[in-house]
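Same order as they appear, the protein sequences are chains A, B, C, D, E and F.
Quick note on UniProt numbering: the first sequence kicks off at 1 and runs consecutively.
Quick note on UniProt numbering: the second sequence kicks off at 1 and runs consecutively.
Quick note on UniProt numbering: the third sequence kicks off at 1 and runs consecutively.
Quick note on UniProt numbering: the fourth sequence kicks off at 1 and runs consecutively.
Quick note on UniProt numbering: the fifth sequence kicks off at 1 and runs consecutively.
Quick note on UniProt numbering: the sixth sequence kicks off at 1 and runs consecutively.
Among the hints, erroneous ones may be present.
Pairs count within a copy or across copies, as identical chains cannot be separated in the list.
Claimed, not checked - With a cut-off of at most 20 Å between alpha-carbon atoms, the simulated SDA-like pairs for lysine to any residue come out as follows:
hint: 1; residue 1: Lys218; residue 2: Glu202
hint: 2; residue 1: Lys102; residue 2: Asp61
hint: 3; residue 1: Lys243; residue 2: Gly323
hint: 4; residue 1: Lys328; residue 2: Tyr169
It should be emphasised that the hints constitute simulated quantities derived from the structure, not laboratory data.
There are 6 protein chains.
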Amino acid sequence: MNKRVITLGEIMMRLSTPGHERFVSSNNYNVVFGGAEANVAISLANWGVSTAHVTAFPNHDIGKAATQYLRFAGLDTQYVFFEEGRMGLYFVENGAMQRSSKIIYDRFDSVFANFDGKAIDWKEVFDGADWFHWTGITPAISASAAKICEDAVNAAHEMGIKISGDINYRRNLWQYGKQPLDIMPGLIAKTDLIIAGLTDFENCMDIHEKEYIAACKKAQEISPSIKYISTTHRDNISASHNKLSGVLWNGKELLNSKSYDMTHIVDRVGGGDAYMGGLIYGLLKGGDQDALEFAVAASVLKHSIPGDANFVSADEVAQLVKGENVGKLLR
Amino acid sequence: MNKRVITLGEIMMRLSTPGHERFVSSNNYNVVFGGAEANVAISLANWGVSTAHVTAFPNHDIGKAATQYLRFAGLDTQYVFFEEGRMGLYFVENGAMQRSSKIIYDRFDSVFANFDGKAIDWKEVFDGADWFHWTGITPAISASAAKICEDAVNAAHEMGIKISGDINYRRNLWQYGKQPLDIMPGLIAKTDLIIAGLTDFENCMDIHEKEYIAACKKAQEISPSIKYISTTHRDNISASHNKLSGVLWNGKELLNSKSYDMTHIVDRVGGGDAYMGGLIYGLLKGGDQDALEFAVAASVLKHSIPGDANFVSADEVAQLVKGENVGKLLR
Amino acid sequence: MNKRVITLGEIMMRLSTPGHERFVSSNNYNVVFGGAEANVAISLANWGVSTAHVTAFPNHDIGKAATQYLRFAGLDTQYVFFEEGRMGLYFVENGAMQRSSKIIYDRFDSVFANFDGKAIDWKEVFDGADWFHWTGITPAISASAAKICEDAVNAAHEMGIKISGDINYRRNLWQYGKQPLDIMPGLIAKTDLIIAGLTDFENCMDIHEKEYIAACKKAQEISPSIKYISTTHRDNISASHNKLSGVLWNGKELLNSKSYDMTHIVDRVGGGDAYMGGLIYGLLKGGDQDALEFAVAASVLKHSIPGDANFVSADEVAQLVKGENVGKLLR
Amino acid sequence: MNKRVITLGEIMMRLSTPGHERFVSSNNYNVVFGGAEANVAISLANWGVSTAHVTAFPNHDIGKAATQYLRFAGLDTQYVFFEEGRMGLYFVENGAMQRSSKIIYDRFDSVFANFDGKAIDWKEVFDGADWFHWTGITPAISASAAKICEDAVNAAHEMGIKISGDINYRRNLWQYGKQPLDIMPGLIAKTDLIIAGLTDFENCMDIHEKEYIAACKKAQEISPSIKYISTTHRDNISASHNKLSGVLWNGKELLNSKSYDMTHIVDRVGGGDAYMGGLIYGLLKGGDQDALEFAVAASVLKHSIPGDANFVSADEVAQLVKGENVGKLLR
Amino acid sequence: MNKRVITLGEIMMRLSTPGHERFVSSNNYNVVFGGAEANVAISLANWGVSTAHVTAFPNHDIGKAATQYLRFAGLDTQYVFFEEGRMGLYFVENGAMQRSSKIIYDRFDSVFANFDGKAIDWKEVFDGADWFHWTGITPAISASAAKICEDAVNAAHEMGIKISGDINYRRNLWQYGKQPLDIMPGLIAKTDLIIAGLTDFENCMDIHEKEYIAACKKAQEISPSIKYISTTHRDNISASHNKLSGVLWNGKELLNSKSYDMTHIVDRVGGGDAYMGGLIYGLLKGGDQDALEFAVAASVLKHSIPGDANFVSADEVAQLVKGENVGKLLR
Amino acid sequence: MNKRVITLGEIMMRLSTPGHERFVSSNNYNVVFGGAEANVAISLANWGVSTAHVTAFPNHDIGKAATQYLRFAGLDTQYVFFEEGRMGLYFVENGAMQRSSKIIYDRFDSVFANFDGKAIDWKEVFDGADWFHWTGITPAISASAAKICEDAVNAAHEMGIKISGDINYRRNLWQYGKQPLDIMPGLIAKTDLIIAGLTDFENCMDIHEKEYIAACKKAQEISPSIKYISTTHRDNISASHNKLSGVLWNGKELLNSKSYDMTHIVDRVGGGDAYMGGLIYGLLKGGDQDALEFAVAASVLKHSIPGDANFVSADEVAQLVKGENVGKLLR
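So that you can see chain A by itself, here it is in the shape it has in the complex:
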């Protein structure tokens, strides 16, 4: 697809125990790199969209390894900045049955959190871009990260680029003195597509509706730039078995997707980012219901793939939407 999407956000090293080993018993970790926004960009790159990710890495061998991983995944890495400091990381323990999966974050004081962003020329970054994506994680990390996010949203808005934001409220972040309501409304006000659940509406927009449609309408009242609002519904039968569907409010109606039974989950981390990526892709192609179905199907496939990134092709997603070649042995 002849489009260009820019994403901004921290990328961490992900260290996960093999199989279903618990942290205490594992003397060996699988290593990849991941971050909510970069995961979206990787989805899009897999589907032929030109993508560049803006971030900061430590200027040592592991920062370089992370950069090479992004290139492997198809991202343009010219806006990766290198500075002295540490890379954030997170540890993943993959649950099974009734036992939950666990993530332990170790991301404070990272290069990205301390990055002042002065080296970013947003005009240049957004030149030729069609879409910009941010999440609620970035403004939650540090004052400087929040400032970078605001600069990006402002620049994109001025340049007439479509903007998406995954509100994604994380209680454990927001430790630098600001509260979501200090910052999020300003960002949302210039955003076209938001991913938000009722809790996110509460925490980030001070909207206290009980009904999703009512919340969507209120959000659009407050921030008329919003064209689309979406969220997923996940039913946690167990760590190994979830049901997943999505809804998309397009200002007129609340579209509902098919619901999928995910009976043998391999790795659910990154499932939301796969949804976000699918939604952006679908909306870039056009067709609200199609976009929603593509997003959910993309997210479902992510649950079958180890790691954060959704290494599936657009054809594979499209076939799942159509119910073709599902769970077969393709020769």
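Position chains B, C, D, E and F relative to chain A; hints supplied.
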């Protein structure tokens, strides 16, 4: 069991990504060797049948490794021929949930495809044998492979040996100028037991019935040597969950097997070959319904075992048929 | 919890094939150490109970490795005795679907079986202890092991320490000349809590009731010291899918636990020991129904964890009992 | 370094047994991708040179995986062409002590060998480029590959771009009807820097001198475009221990490098390509002796790194040249 | 040995690439825990010395895993304190031949660095102890860590416990405002045994002698409590091959150890800590030359063992000192 | 080679820690099967000799796996007997540098030790055989094993088959009441080729010479059937570096082999068996000096291969003897 079965066919190196890794993310492959006909022989060898497999391998260390693998699996390898050339191979990616499993073949121009078979003395090979098994893959590979298969079927037929053929139509093969209908009818005409579904009947026997019994009857009309026709029914709920049953036409009635719910599939490649092996074993022992039940149960167990080969004992299969010791912890 | 529990029993090296590999195809084993009684102690140690395990190991590097494993798991190893000889071991093959899991024991003539126990000063061992746990495996191993078990039960009983015994009748043991009925009744007679199913009652107490409550009452008649009797109900849908619940007879009524659907079993070995550990923990805390629910939930979680030991926290178990945080992604 | 280098050639999947396992005993292969020319490009990309590699891959998931590997390694992949067909591959067994390492090639009939190259616009490819690198492998593969190589050399020569060629005579190739002397002289005639040993001179330029300097002078007589000729000297004490040095003829004198004792070789495959990359880098920077020393040091470091690619920084190479930080523990 | 040694210091998670993989190519890390002082304690615990390590860990699953690792290694963990925060970590890349090994630290802002130590009752900790060991890393981490180290040294000194300090000057630490000369002299003034090289003397004691004996004499002049001063001499032939010896100044003469040729280094991280452990053990047993030889031999063996910890027995070290059973196959 | 060799002896499961891990740190073992005599047979099978091994295995899945391993290695397994019982095993820890390798045996009370051998018909076994090989391990295991060995030697001797015996005195065995001198002289008296060092002469033949030639002459005096006596000389520079040579007494002179520097040993277990295999092979081909050189070269190559078995070809050995292709990269 005091019987001897001869199988003929290409054996490839199988390279599969570990766990549910996708090809793109895997820097490590598990290696075994497999081929539809040899997989049948391995099943039979596990169950105490004397088996020899006729094939050709490259005369280098990997050809030798493949030969040693066959010996490990219990096959007589005196009819493995070594020539200059390459070994065919295939790459396997194990799906999960809605994501399909994938096989990428790389088998063209292999030693087996180029093997002229002049070194094979079929009289000697079949001396003391009770059964010969071929599949529709061999005549699809090359003119010389088709010729070897014809020679084998003719020799076995003349020597009064029972013959089975898994019709197994593969659209991606048949690239050397001949079509299935040029060759398959002649082979089938001398075969006692065939595995065929409706598509196979169409492509290989020009039979266009919609009903399985009708197709079977038509096939017997055309090729009166056929005593048994069988096929499996597989319901692909997902890559992780299938239902499996089988039917066996014995010239009089269509026998139906129990249906099994395979809820946590480990590896479905080779499932059909396990069925074929079970059917041959069962028919060598006698009892049509018993043979069918043994075949399906054998195939079910294969789905729980990594690799192509069905390393289960005849006792384990027999217990599953009887519903004994199913899914327990045996001490 | 400010309690101290003593356990006694053999610990073996456990060698298990990776994933779902069969013994024949595996050239690599995962290694941990396990034993029914030590597994109980490990559960308790995880939950903050002070535990010491009494056993004998070979006085070579692997005996030392086993000791270090016990320390890793939180046990006090001051009562591990080192002697010339071999360590018992067992091989585990993890089934899937209809294919059963398999254990091959190689435990005869071990250091523990030959250990005369003269070095154990049970007064010292039980000093400060609240509970002693034994199983029916120990008296089944050898005359000397049976003697050690009797000494321990007698000493604990004299010192007024609560005693639990998992009757756990193993047909393959008891090869040294004695039968269960020669020995078990004496041990049971001083025990407060026993785990026993109908078969165990038959083999170890000569009780031939068909109904569980009747059997419990008879057992209490014979051995009035018994306060609690418990067992689990396991429904083996397949090797990958079991249902589990438990019952606890407290002398007045038969309490029933919730039943859990274990749909994606990772490793069921040690599931019974996890239950036992949970029951002891729960009874030490108090509350019969709570103890039973804690035991079953602990056992369920064990099925999601590779290896014999139940490395879960008391909080995780308690949450499962309450249905909180079940199968989620905890950040 | 603000330079751009273009490389052309086949890339194969490399399957190597782990550690020092022999082919026969290994059921697991490590997978990377490699090719003589791409290995050179990867070295250069590591050192900050802009590089693009021209090649053809199969249009399936493994062709895509290979492309992503090249991106990971820092290459511009816009000139990777995708066609129906197979990817060449090679198997590596890593020797030790007196036991040699072994490579088994399986590269015939690959997509690259069959690629007609019509889609390549060499003017566009070479636009902005400073250097073009080819090897004697490409014209040895097939008539079409030889034609592509000639087109590339001609176009680069016309556009005034510096050209290097690793003569690299491979007896096992050249099976399509042409002999080296039919083709190589024409390519060499337009090349500035060649890597050639005495055997290469014989086979590819019909030069039969016994002395290296005499051969170099003769080569320049025949092909006056040649500015530099180089080769390495390797002393095979064992598979684990080699000595390595290099020489560079610059038209005036034969420069000799330091000699390195490589006492614990990890992986020698790709050592020659690392040398070539070092030489190009050094000559782009300037200074004949410096370039030679950089090349040898780069090659030495390659021997310490698993895989084909020389993932070392220019600083690491420069430090080895200076004898700084050699074999230390850097914190 | 019936002695008790207390150590104090930070413990980090160590993440190392397998084999000789570089950071950029590794998608899998081996995980252990290590720290200079705990490594010393582990050596001593292996040799039968009672050891307790004082440190702080995060109060999450990975902090618990670290604690269990210490117990596995034989340490008394009652003085491990748990607080909110992160665990420091370091990444290790194992060099080979001329390529150096690399450590990337990520230890700032750890729980230990932020630990105020108020919960430590040094009187209780040192009760029954014979020796206290600290290193120059602790006062370099943070003001609070320096304070804890001073408190410990003061308490031990007052209680008449022998004290050792590995001066171990690390340029990359000391970032909290203090310089080594602000703090180290005070600690050294109460220490009996120091490990220091000429650079350490310069940076930590302001001693600028060129000769080791002269520096030792000056150090004793300044800090008369010092009884012993020691250091190792390492000759870095390559990352795979070092020579190692040690010297011990006992106030009268400079003793020299045997020199060892370490020709096939497996892992040199922790080699210095193994030396330190050996020296403490040897001096606790008595005999200056014996202690020195034990220390060097212990360090040599460490280089043959993966990970930070020196899992060798005292017998193994003693045999190496005597030249018995060196490099044999012991059955 | 058109010869048939019969070997007799116990085969154990070999469990070795990966890389250079110590027992205490390893949670994973590599698994193969090995035994001194079977290792000899595997060498010979690799070199085209027809071989059958006589042994007894447990009649469970691991006994079957061992049998399949022998078939993989090319042995005729028709004389493998299956009985109730355990398989002996041994644990291997691979040393490095000054740290010795370690083997812990756990072989007592195995199926082979308890096997009465009544099912063996030695006339049938030796029918068509040219050579029989035994070692001093078999008579050391148990009275019944000694009896089997005697029966075999007697039968072979009567049938005029050449006999070799590796005297191989193992102090830890011989625990069933007999001493070597009770049994070995009788076996040696009918043997043509023995491998014996001075200690073996002492313990097994009561020969107390200090000089090897004198001992050989004395041995031939005592047992005139002996035609050849041989032993290896191993210089243990370290666990990673040995020197190896051999001598062969042919009744006339003591032939000396070349000496090899084995500088990077991968696995030395089985090195003596590889020598024995080489000697038998060489003597079957003819030429005393050639046989000796082949034997030493075969043993050297074994040291480069993980596991007990010497998976090298006769060509590879012959090339090493000639100094061709040593430590190269063969394409």
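If the cut is 20 Å between Cα atoms, do Lys243 and Gly323 qualify within a copy, between copies, both or neither? Answer is both; intra-copy 16 Å and inter-copy 18 Å each pass.
Could you place Lys328 and Tyr169 in one of the four classes (within, between, both, neither) given a Cα distance threshold of 20 Å? between (38 Å within a copy, 17 Å between copies)
Measure nothing new, just compare the shortest in-copy and cross-copy C-alpha distances for Lys218 and Glu202 to 20 Å and report within, between, both or neither. within (11 Å within a copy, 61 Å between copies)
At 20 Å max between alpha carbons, let me know whether Lys102 reaches Asp61 within a copy, between copies, both or neither. Between. Shortest inter-copy distance 10 Å satisfies the 20 Å Cα cut-off; intra-copy 28 Å does not.
Taken one by one, the earlier hints all hold for this structure without exception.
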